[in-house]
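Q: Sequence:
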Amino acid sequence: MRLVFLGSGAFGLPTVRSLDASHDLLAVVSQPDRPAGRARRNTPTPISEWAMDRSKELIRPEDVNDPEVVRMIRGFEPDALVVIAFGQKIGEPLLQDLPAFNLHASLLPAYRGAAPINRAMIDGCSETGVSVIELAQRMDAGDVHATRTLEIDPLETAGELHDRLAALGPDAVESVLEALAAGTTRGIVQD
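Here the sequence shown stands for residues 1 to 191, numbered as in the numbering used here.
Hints in this document: simulated from the structure, not taken from any laboratory.
Just so it is clear, CB atoms sit at the ideal spot from N, CA and C, and this is done for glycine as well.
Do not rely on the hints blindly, as some may be mistaken.
Unchecked claim - FRET-style restraints, in silico, Cβ to Cβ:
hint, residue 1, residue 2, range
1, E68, N118, 35 to 43 Å
2, S55, A110, 38 to 46 Å
3, P154, P67, 42 to 50 Å
4, P67, S126, 41 to 49 Å
5, D123, D79, 34 to 42 Å
6, R138, G75, 24 to 32 Å
7, G75, S126, 42 to 50 Å
Make the full structure from the sequences, and use the hints.
A: And the structure:
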């Protein structure tokens, strides 16, 4: 399948690696470099670093909804977009008539929005997981196409849980892409 991946954070690394191995990854879209560390040096996102290390086509727009950026992404003629921890809201011009799926670090509709891992831990949840949703205009509100669940170890850190959840991403996303290729995708409307 021909894919464009949009992501910035390390949460997306296991999935982008998997997609690159099993699909035609046409381009990677990530956030521009930002100042980081004590020296405030411009630093690429983990996804940008991965893409540069592999000489992937890399786009780092200030605004993914800029008409020129939309034209550029659509020009790759992808079969679908996969979005994970991207950091920008993707607008209708890019989503129009193009399947787009997001991996979110909770069992939606629980913990929509930012910091779902931390919020699940603070609330003392015994389990959490990931959801693959169809992108919609409302944040984290699209139809759920796949979930994967795991138990939260009461002694683990948020960083450890982050890594375990990220490791669920490839299987969850791949199941949705397989259904898309077969014409059998069926999402469940969130509450």
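Q: Could you run down the list of hints and mark each one as holding or not?
A: Consistency of the hints with the structure:
1. E68 with N118: 35 to 43 Å: Distance hint for E68, N118 holds at roughly 36 Å.
2. S55 with A110: 38 to 46 Å: holds, 39 Å
3. P154 with P67: 42 to 50 Å: Holds, at about 49 Å.
4. P67 with S126: 41 to 49 Å: With a Cβ separation near 47 Å, P67 and S126 satisfy 41 to 49 Å, so the hint holds.
5. D123 with D79: 34 to 42 Å: Holds, since D123 and D79 (Cβ atoms, about 38 Å apart) stay within the stated range.
6. R138 with G75: 24 to 32 Å: holds, 28 Å
7. G75 with S126: 42 to 50 Å: holds, 46 Å
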